[in-house]
Amino acid sequence: MPDLRELYQEVILDHSKAPRNYRELATANHRAEGYNPLCGDHFTVYLDLEGDSIRDISFQGSGCAISKASASMMTQRVKGKTRAEAERVFDQFHKLVTGQSPANGNRAELGKLAVFSGVSEFPVRVKCATLAWHTLHAAMQGKQETVSTE
Amino acid sequence: MTTAAKRLPRESRPADVRDAGGDFDVQKLRRDFPILRQRVHGRTLVYLDNAATSQKPQVVIDAICRYYERDNANIHRGVHFLSEHATEEYEEARRTVQHFLNAADASEIIFVRGATEAINLVAQTCGRTNVHAGDEVLITAMEHHSNIVPWQILCGEKGARLRVAPMSDSGELLLEDFEKLLGPRTKIVALTHISNALGTINPVQRIIEVVRRWNIPVLVDGAQAVPHVKVDVQALDCDFYVFSGHKVYGPTGIGVLYGKSALLEAMPPYQGGGDMISSVTFEKTIYNKLPYKFEAGTPHVAGTIGLSAAIEYVNGLGMDNIAAYEHELLAYATEAVSAIPGVRVIGTAKEKAGVLSFLLDSIHPHDIGTILDQEGIAIRTGHHCAQPVMQRFGIAATARASFALYNTREEVDALVEGIQKVREVFA
Ligand SMILES: Cc1ncc(COP(=O)(O)O)c(C=O)c1O
Numbered sequence: 001m002p003d004l005r006e007l008y009q010e011v012i013l014d015h016s017k018a019p020r021n022y023r024e025l026a027t028a029n030h031r032a033e034g035y036n037p038l039c040g041d042h043f044t045v046y047l048d049l050e051g052d053s054i055r056d057i058s059f060q061g062s063g064c065a066i067s068k069a070s071a072s073m074m075t076q077r078v079k080g081k082t083r084a085e086a087e088r089v090f091d092q093f094h095k096l097v098t099g100q101s102p103a104n105g106n107r108a109e110l111g112k113l114a115v116f117s118g119v120s121e122f123p124v125r126v127k128c129a130t131l132a133w134h135t136l137h138a139a140m141q142g143k144q145e146t147v148s149t150e
Numbered sequence: 151m152t153t154a155a156k157r158l159p160r161e162s163r164p165a166d167v168r169d170a171g172g173d174f175d176v177q178k179l180r181r182d183f184p185i186l187r188q189r190v191h192g193r194t195l196v197y198l199d200n201a202a203t204s205q206k207p208q209v210v211i212d213a214i215c216r217y218y219e220r221d222n223a224n225i226h227r228g229v230h231f232l233s234e235h236a237t238e239e240y241e242e243a244r245r246t247v248q249h250f251l252n253a254a255d256a257s258e259i260i261f262v263r264g265a266t267e268a269i270n271l272v273a274q275t276c277g278r279t280n281v282h283a284g285d286e287v288l289i290t291a292m293e294h295h296s297n298i299v300p301w302q303i304l305c306g307e308k309g310a311r312l313r314v315a316p317m318s319d320s321g322e323l324l325l326e327d328f329e330k331l332l333g334p335r336t337k338i339v340a341l342t343h344i345s346n347a348l349g350t351i352n353p354v355q356r357i358i359e360v361v362r363r364w365n366i367p368v369l370v371d372g373a374q375a376v377p378h379v380k381v382d383v384q385a386l387d388c389d390f391y392v393f394s395g396h397k398v399y400g401p402t403g404i405g406v407l408y409g410k411s412a413l414l415e416a417m418p419p420y421q422g423g424g425d426m427i428s429s430v431t432f433e434k435t436i437y438n439k440l441p442y443k444f445e446a447g448t449p450h451v452a453g454t455i456g457l458s459a460a461i462e463y464v465n466g467l468g469m470d471n472i473a474a475y476e477h478e479l480l481a482y483a484t485e486a487v488s489a490i491p492g493v494r495v496i497g498t499a500k501e502k503a504g505v506l507s508f509l510l511d512s513i514h515p516h517d518i519g520t521i522l523d524q525e526g527i528a529i530r531t532g533h534h535c536a537q538p539v540m541q542r543f544g545i546a547a548t549a550r551a552s553f554a555l556y557n558t559r560e561e562v563d564a565l566v567e568g569i570q571k572v573r574e575v576f577a
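Protein chains in written order, with the working numbering: chain A, 1 to 150; chain H, 151 to 577.
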């Protein structure tokens with residue numbers, strides 16, 4: 001039986017209650033909206049891209065604890081990093097939450113994001129965990145339309 | 151008011167103390183629903199998502215099996231024994247529905263896939279012929295998407311305008327505003343009998359009396375009403391009444407459109423095909439009489455037989471008994487859940503049935519749903535296909551417990567314990 005405490009880890013609860021980088025970004029030159037029609041989660045990710053690097057990032061919106069914490073921790077993880085690194089982390093994160101990453105596998109790039117491993121036991125929550133990442137991906141691509149998890 | 155602390159753990163509580171009352175022995179009739187014996191995540195299933203779909207009693211499951219084991223044949227087209235028999239059963243199901251809704255004639259009962267298809271049918275036939283550029287269609291602020299989008303499509307095609315009657319903060323339709331929105335341009339009115347997101351029972355009979363002055367058709371969406379209250383379409387004097395079989399203990403894929411025959415006669419067909427014609431040449435087709443004009447193609451015969459068995463099951467218990475029992479259960483649930491610190495009930499109309507929508511502090515309903523699921527408790531979280539209702543209350547989603555005739559007070563107690571658990575996780 002999946003364990004709720006594995007899903008709702010302290011770090012996740014903390015970020016969901018007090019999300020970091022939660023604001024509109026005045027210097028943003030890229031932005032994208034993400035929407036999960038199933039539960040109504042809705043986020044905007046703001047990016048200040050300089051060449052290949054993410055100079056600044058923020059987000060706003062509403063969603064469940066998992067999606068909000070994921071967005072919050074994502075902004076911390078990718079700030080100051082290159083696009084390529086952000087995409088690599090997204091890839092590892094996606095494998096983690098969909099259970100495709102063995103416990104002792106390559107999680108080097110994930111760092112604190114490893115707390116989301118419990119999500120893999122709750123398949124319907126995968127979309128919550130990845131919504132912000134899909135939105136970041138869209139923002140980096142410079143797409144203006146809303147990305148949807150459906 | 152009871153508190154969670156005083157309650158016995160749910161698995162060890164005597165089952166039948168408070169729930170057995172008079173003829174309505176809920177513990178006994180729970181045994182009619184095989185799915186309820188199931189355990190989920192190691193806990194006894196507590197199914198509180200009945201507004202989405204209800205569970206099926208054994209008699210419904212058996213009726214469908216028996217049909218496929220013994221009676222299966224296409225209808226209205228064979229001279230052989232099985233086809234005649236299947237046709238008889240199909241038409242018998244129509245009469246069962248007729249009596250269930252107290253329709254004047256069996257030919258006013260049209261079998262469709264569900265409430266959604268019934269509304270689309272009316273929008274694309276009656277709506278198409280009556281609504282023109284500059285006209286208006288009037289709905290309410292508490293409609294399910296299926297009673298919004300078909301009208302939006304129609305209005306878009308015709309250059310007509312969709313008007314929306316507002317509701318109060320408690321989720322009650324504002325009748326004066328509704329009346330003011332009616333006018334010479336209004337060509338059709340569509341409203342829900344009971345709101346799926348809020349549980350509000352609309353005073354449809356009074357509303358229809360008002361609409362009558364304008365001599366325009368009224369469609370009532372009964373998807374959430376038919377499982378909970380007795381419906382009499384002649385007393386209501388509605389022109390159309392729609393519902394889905396799966397929400398009233400029947401199978402999915404079958405539903406009903408009731409329409410007054412004069413209107414149905416005047417309407418063009420919805421879909422073309424077999425069964426809906428009386429003769430076809432390449433030059434001209436003569437349509438079949440009612441109700442077949444609206445039943446193109448091979449219908450869901452097994453579905454109608456399952457629906458008929460479901461209605462007989464409900465009739466056997468007595469709709470008034472069901473309504474009285476559920477009314478009491480909803481009152482109990484509302485009191486118990488409202489007493490939990492941090493709970494805000496969304497939808498507090500005086501007249502309600504079946505639905506308890508709520509928020510808990512600033513915890514997202516999706517998280518509430520996941521934690522309750524781990525306790526074996528199934529509720530729905532989200533916008534309930536009624537996004538405008540959510541917007542009206544300035545929220546993105548609610549958690550919704552919705553009740554059926556087989557739910558018990560101890561299941562409500564389990565829900566309360568579950569919500570306490572959510573509070574602990576998020577403490
Ligand atoms: C009020 C209301 N109307 C219409 C519908 C649509 O029913 P169906 O999806 O069975 O066609 C529903 C189902 O959720 C409902 O609650």
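The hints are simulated quantities; they were obtained by calculation from the structure and are not laboratory data.
A hint or two may mislead.
[Stated by the list, open to error] To give a feel for the contact side, a few chain H residues facing chain A, derived at Cβ under 10 angstroms:
id : residue
1  : A546
2  : Q570
3  : K571
Ideal Cβ placement from N, Cα and C applies to all residues, glycine included.
### Minimum beta-carbon distance criterion (10 angstroms), A546 of chain H to chain A
Holds - the Cβ of A546 of chain H comes within 10 angstroms of chain A, reaching about 4 angstroms at its closest.
### Query
Quick one, is the K571 of chain H hint okay against chain A at 10 angstroms, beta carbons?
8 angstroms, holds
#### Entry: Hint check: 10 angstroms Cβ-Cβ cutoff, Q570 of chain H to chain A
14 angstroms, violated
Hint 2 from the earlier list is the only one contradicted by this structure; the remaining hints agree with it.
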